[in-house]
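Using the sequences and the hints given, assemble the complete structure.
Residue numbers (our numbering), protein chains in the order written: chain A, 76 to 165; chain B, 76 to 165; chain C, 76 to 165; chain D, 76 to 165.
Hints in this document: simulated from the structure, not taken from any laboratory. Treat each hint with caution, since some may be false.
For chains that are exact copies, the list does not tell them apart, and a pair is met inside one copy or across any two.
Distance condition first, Cα-Cα at most 30 Å in a straight line; then the derived DSSO-like pairs of lysine-lysine [claimed, not checked]:
1) LYS85 to LYS122
2) LYS126 to LYS88
3) LYS126 to LYS85
4) LYS122 to LYS88
5) LYS122 to LYS162
6) LYS162 to LYS85
7) LYS162 to LYS126
Note that the structure is a prediction, hence the values are computed from the model and not measured.
Protein chains: 4
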Amino acid sequence: MHENREATLKRLKRLEGQVRGIARMVEEDRYCVDVLTQIAAVRAALKGVEKLVIDDHASHCIEDALESGNREDQRVKFTELLELLDKARG
Amino acid sequence: MHENREATLKRLKRLEGQVRGIARMVEEDRYCVDVLTQIAAVRAALKGVEKLVIDDHASHCIEDALESGNREDQRVKFTELLELLDKARG
Amino acid sequence: MHENREATLKRLKRLEGQVRGIARMVEEDRYCVDVLTQIAAVRAALKGVEKLVIDDHASHCIEDALESGNREDQRVKFTELLELLDKARG
Amino acid sequence: MHENREATLKRLKRLEGQVRGIARMVEEDRYCVDVLTQIAAVRAALKGVEKLVIDDHASHCIEDALESGNREDQRVKFTELLELLDKARG
Numbered sequence: 076m077h078e079n080r081e082a083t084l085k086r087l088k089r090l091e092g093q094v095r096g097i098a099r100m101v102e103e104d105r106y107c108v109d110v111l112t113q114i115a116a117v118r119a120a121l122k123g124v125e126k127l128v129i130d131d132h133a134s135h136c137i138e139d140a141l142e143s144g145n146r147e148d149q150r151v152k153f154t155e156l157l158e159l160l161d162k163a164r165g
Numbered sequence: 076m077h078e079n080r081e082a083t084l085k086r087l088k089r090l091e092g093q094v095r096g097i098a099r100m101v102e103e104d105r106y107c108v109d110v111l112t113q114i115a116a117v118r119a120a121l122k123g124v125e126k127l128v129i130d131d132h133a134s135h136c137i138e139d140a141l142e143s144g145n146r147e148d149q150r151v152k153f154t155e156l157l158e159l160l161d162k163a164r165g
Numbered sequence: 076m077h078e079n080r081e082a083t084l085k086r087l088k089r090l091e092g093q094v095r096g097i098a099r100m101v102e103e104d105r106y107c108v109d110v111l112t113q114i115a116a117v118r119a120a121l122k123g124v125e126k127l128v129i130d131d132h133a134s135h136c137i138e139d140a141l142e143s144g145n146r147e148d149q150r151v152k153f154t155e156l157l158e159l160l161d162k163a164r165g
Numbered sequence: 076m077h078e079n080r081e082a083t084l085k086r087l088k089r090l091e092g093q094v095r096g097i098a099r100m101v102e103e104d105r106y107c108v109d110v111l112t113q114i115a116a117v118r119a120a121l122k123g124v125e126k127l128v129i130d131d132h133a134s135h136c137i138e139d140a141l142e143s144g145n146r147e148d149q150r151v152k153f154t155e156l157l158e159l160l161d162k163a164r165g
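In structure tokens, the structure reads:
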């Protein structure tokens with residue numbers, strides 16, 4: 076990763092804490108719906124991390140493939156994006 | 076579009092019929108949950124149509140950009156895919 | 076359906092027109108990404124219709140089950156909601 | 076939580092490890108798309124945990140509200156489910 080590297084690590088550290096927090100809630104027998112709310116918060120946080128990685132991928136890995144003029148590298152980058160799109164569509 | 080053109084048109088025609096079917100259900104005061112089930116079916120059908128268009132886009136528009144070696148066209152194709160990915164991530 | 080009945084019908088009519096519009100775009104060989112943008116618009120419209128039906132379901136069918144005190148009807152309503160939730164989670 | 080309590084804790088523990096694994100990948104400057112693949116795996120794992128909590132919620136909290144015949148408790152349970160559904164629909 077590139078310029079989002081430190082921000083990504085910071086968010087992942089926080090996310091790890093959030094997951095631990097959910098485990099603590101379950102241990103303390105907190106109400107299911109409160110646990111579900113925290114799971115939704117973790118999902119949102121994960122999406123934020125994903126966005127940072129995608130942005131870095133676009134402005135570096137993809138940009139490099141474009142500038143290189145290397146057709147095979149470009150094809151790999153397109154294929155990967157299409158697979159990510161397919162997964163994201165659910 | 077290209078080789079999926081006819082399949083896409085056929086599915087869109089069926090999808091139009093499905094939407095009309097939902098309207099009929101609402102007019103006939105059918106049970107809400109049955110209406111919701113049909114809406115889910117339309118959403119799944121829509122996803123199938125989208126897949127056909129994406130596949131055609133990948134094997135033609137993107138492939139042409141790759142083969143052309145035209146950097147600006149390639150950049151446009153990447154940017155469009157990244158925007159589609161962003162929307163699909165919700 | 077109840078108070079959202081007319082709004083739902085109106086939106087479904089518009090949605091049917093949007094689907095027909097996409098078919099026209101495909102027939103006119105419009106650019107794939109423009110077709111995909113319209114598909115995304117239909118998906119958003121479908122989500123709006125779904126919201127109207129869910130809201131009506133909540134304020135009538137579910138409310139009636141609550142007021143009736145009929146345990147079996149209530150159980151059916153909970154089960155249906157849980158199934159809708161399961162499908163919506165993808 | 077109830078019968079899924081231990082399974083949920085076990086999965087959350089594993090999930091915490093997966094998040095730490097992603098952080099390690101970023102520190103080791105692994106390829107963005109590999110990081111994205113692991114993020115997708117964490118999202119899938121999170122969905123599995125969520126399913127365990129929802130199932131417990133359904134078979135205990137909701138079931139208790141049904142059996143109690145307490146209308147206010149039932150209303151709360153319906154409202155919570157409707158909110159979860161709304162969030163899940165994105």
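Exercise for review: Determine which of the earlier numbered hints do not hold for this structure and return their numbers in increasing order.
Suggested key: No numbers; nothing is violated.
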